[in-house]
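Colleague: Below, each chain spelled out in residue letters.
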Amino acid sequence: MATRIIHLPKYSRLSCLVKPLTISARTFATATASTNPPQFTTLSVDDRTGIATLTLNRPPANALNALFMGEIQRSITDLEKENCRGLILTSSSQRIFSAGLDLKECYKADVASLEGLWCALQNLWRTLFSTPLITVALINGHAIAGGCMLAVSSEYRIMLPNFKIGVNETMVGLAVPSWLMDTYINIMPSRRIAEWDLTSSRIYSSESALKAGLVDELASSKEEALQKSAAFIDSFSKRTLMARAITKQQFRAEILRNFEQNRQHDLDIYLSTMQKPSMQEFLGEYLQSLDAKK
Amino acid sequence: MATRIIHLPKYSRLSCLVKPLTISARTFATATASTNPPQFTTLSVDDRTGIATLTLNRPPANALNALFMGEIQRSITDLEKENCRGLILTSSSQRIFSAGLDLKECYKADVASLEGLWCALQNLWRTLFSTPLITVALINGHAIAGGCMLAVSSEYRIMLPNFKIGVNETMVGLAVPSWLMDTYINIMPSRRIAEWDLTSSRIYSSESALKAGLVDELASSKEEALQKSAAFIDSFSKRTLMARAITKQQFRAEILRNFEQNRQHDLDIYLSTMQKPSMQEFLGEYLQSLDAKK
Amino acid sequence: MATRIIHLPKYSRLSCLVKPLTISARTFATATASTNPPQFTTLSVDDRTGIATLTLNRPPANALNALFMGEIQRSITDLEKENCRGLILTSSSQRIFSAGLDLKECYKADVASLEGLWCALQNLWRTLFSTPLITVALINGHAIAGGCMLAVSSEYRIMLPNFKIGVNETMVGLAVPSWLMDTYINIMPSRRIAEWDLTSSRIYSSESALKAGLVDELASSKEEALQKSAAFIDSFSKRTLMARAITKQQFRAEILRNFEQNRQHDLDIYLSTMQKPSMQEFLGEYLQSLDAKK
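Chains as they are written, first to last, in the working numbering: chain A, 219 to 512; chain B, 219 to 512; chain C, 219 to 512.
Be a bit skeptical, because a hint or two may be false.
[Stated by the list, open to error] Okay, derived cross-link-like pairs now, SDA-like style, lysine to any residue, Cα gap no bigger than 25 Å in a straight line: (1) Lys446/A to Tyr422/C; (2) Lys456/A to Thr491/C; (3) Lys382/A to Pro277/A; (4) Lys456/A to Asp264/A.
[Unchecked claim] The following label-pair restraints were derived from C-beta to C-beta distances: (5) Asp452/A to Tyr504/C: 13 to 23 Å; (6) Tyr504/C to Ala449/B: 51 to 61 Å; (7) Glu435/B to Pro255/C: 55 to 65 Å; (8) Ala448/C to Lys440/A: 29 to 39 Å; (9) Pro256/A to Lys326/C: 46 to 56 Å; (10) Ser262/C to Lys456/A: 44 to 54 Å; (11) Gln445/A to Pro255/C: 55 to 65 Å; (12) Glu435/B to Ala510/C: 55 to 65 Å; (13) Arg475/A to Lys299/C: 20 to 30 Å; (14) Lys456/B to Arg475/A: 44 to 54 Å; (15) Ser426/B to Arg409/A: 52 to 62 Å.
I should point out that these hints are in silico values taken from the structure, not numbers from a laboratory.
Backbone N, C-alpha and C fix where the C-beta goes; we use that ideal spot for every residue, glycine too.
Using the sequences and the hints given, assemble the complete structure.
Modeller: In structure tokens:
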């Protein structure tokens, strides 16, 4: 497996065809410059298959801070430019895919930091959800809140047994943002169950997630999961990749439009919630209880 | 079980946090003043659990007229202000949850009365569908048309066996209003089946409704159903109630927006249908046939 | 079975009631004059039941060219005016329901012809999808791409065993148009599966289509399928037909609105894709390979 990227002639014009259909995004600053070398991710590309594997590596819990999210986002954008075919998202940890937003960065933070964090989350979601790449989440550990967001924003989810997955924002006093809600509904077979899940912060086991349709397959090892990921990517014929990408974009266009229209309002809800004294007090206690568990 | 309401400190600011997100409604007059004492409903609140039970009590069929609907709506609004946690909607009848709109009030009625009736229905739906309260329909009898509307507008449905449930507006010559359609689709797992149900006035038995996903659980007695209702309400942690309420509202926001935009048009369709001589003739025959059955 | 149409008093005002709700369409020229006699279809109406059977008859594959599609569309419009109750769409072939768009007419065609073809497809879809008639697709052969479009635009699908069905536009380098996407999602129980199907050009067998919810019933013979089609149409009480038609229209209104807003853009995508030299080159090879199979 070579590191860095080949040009695959059959779909080399993927990005230039697809780009004009992309919804124009208002510019939101990302918290980090794009020139920093990767710090929390490893990217490898198989030259033979055109499949990239992006491994999340911010121990212990792959908690999503602005720097980490910016890195993931830029990796995806780079892979698009390099005309890679498919992307597998996985974790270097044996235990945690991602525990979600780094709440430490929400505690006693100034407005600029809070805004940077939430915009990084929005931007990461937007990039992953709309990428023309074929995306697979290889969930080899717990995928909670923002971790589950990464999974449901992908096109396919393969999970290892005995882990937990779910969107539990309400448990820390946060409303589920509407774009994450739409993304979750896009995956779950039933709106009725989706509403209950999101309002009650339901956490599924790997096995119940499979039954509920929240994940597509289980695999008994990371090896097997990688094979299944490649099989999903191979279900798309190479000569259909441009038409496939436009079809995917059109399928997801309304959710992206709603996000763009609602982006500032979504940020405002987060900021006003996070700046409440009661929320900060809760966060302080919560973070202390996490420390106590160690 | 005490009658009237406790203040539950954990979620006491529920309504003030949630209200600003509520869609601004154009003012539509309700047919009754808000100062009348309850006539067709009984409201009891368990101080210990914060769970209210609203019992429909307009014999023989809980037919929904403007007065009755206004009463239900105001009870919900009052409970929100009093910061109650959950609401169970049930019937005092052993046989009928609600048979739907009171068609007697549609027969030979003047325009103002027809308008009052339909606006009361719209307002009741809007209030029940968007309330921050945790809502359960305890369907201890037939739930037809407007009766089924009450059920699908709630977050959870527990039904006793051997009853009927469904939206059969087309059987009396009425188109299903678009907000009820959206509410029905929000519950049913399949749009394909939802369309067939609504266009063909399909009525389900309790058992087939469970299988179809139209209700969530069956219970063999009202007692058991009350226990299951409380269990659903308890699936929401008390400290998540504010975030839960905003999440519920955002989940249902698009349907509420569509309703507001379409509200006058929806009223116009109803009025023009009801004022057709053929419709009035049909209603006369229909009401006579109901009398004959007694 | 008599040929031509009776007036059924119970629903004779169907079209005049329903028409005002129809979304106003911008005028797009159809490729053929409406005075031509039918050439590729047979229409028979059972006077007793009010059920019309429209048989596609353009051997060998019922490939959809502008003339053929205009004919199907006008037949539907005529049946609406004549106040027919239900429509069964089937094929004269024992092997193919329809293989979709006639790609021969896309090869080395001038812009006017390409535009005429795509507008005829849009118009046919719009008419079939929005008709107040009760529509059944009796799929007695392969239903591929545009053939599958005819099936999913109908209200009910009965399929004979051992055939293939699916939307495989991406296999010939075309993005799935957004209105077809919405129509497919309207039928399939899961958006997650619908997206995979449309992006990967999945083709189902009759049996797997039934299991996936893409078709509603299988029938072992055309005779049995005709009986099942009539049973579906009879599931709608005759006196509900007006309310049924408005309910159907409202159920499908948002998809129709999105189509109208996006119509020109949808045409532009098709035209720009078809005029690419690489696309024309591919088409040439593809058509040659089809000829070779004969």
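Colleague: Please go over all the hints and tell whether each is borne out by the structure.
Modeller: Hints, one by one, checked against the model:
1. Simply put, Lys446/A and Tyr422/C have alpha-carbon atoms about 21 Å apart, close enough for the 25 Å limit, and the pair holds.
2. A C-alpha spacing of about 17 Å is found between Lys456/A and Thr491/C, which places the hinted pair at or below 25 Å, so the restraint holds.
3. Pair hint Lys382/A plus Pro277/A holds up; C-alpha atoms about 18 Å apart against a cutoff of 25 Å.
4. Between Lys456/A and Asp264/A the alpha-carbon distance is near 16 Å, which keeps this suggested pair within the 25 Å criterion.
5. One distance hint, 13 to 23 Å for the beta-carbon pair Asp452/A and Tyr504/C, holds here, with the actual separation near 22 Å.
6. Distance hint check for Tyr504/C and Ala449/B: the Cβ-Cβ separation is about 59 Å, which falls inside the suggested range of 51 to 61 Å.
7. At roughly 59 Å, the beta carbons of Glu435/B and Pro255/C sit within the given window of 55 to 65 Å.
8. At about 55 Å, the CB distance of Ala448/C to Lys440/A disagrees with the hint of 29 to 39 Å.
9. As the Cβ distance of Pro256/A to Lys326/C is approximately 49 Å, the hint placing it in 46 to 56 Å holds.
10. Distance hint check for Ser262/C and Lys456/A: the Cβ-Cβ separation is about 46 Å, which falls inside the suggested range of 44 to 54 Å.
11. At about 59 Å, the CB distance of Gln445/A to Pro255/C agrees with the hint of 55 to 65 Å.
12. At about 59 Å, the beta-carbon gap between Glu435/B and Ala510/C stays in the expected band of 55 to 65 Å.
13. In this structure the hint that Arg475/A and Lys299/C lie 20 to 30 Å apart at CB is violated, the actual value being about 38 Å.
14. Judged by the Cβ atoms, the range 44 to 54 Å given for Lys456/B and Arg475/A is violated: they are separated by roughly 36 Å.
15. In this structure, Ser426/B and Arg409/A break the distance hint of 52 to 62 Å, their C-beta atoms being roughly 20 Å apart.
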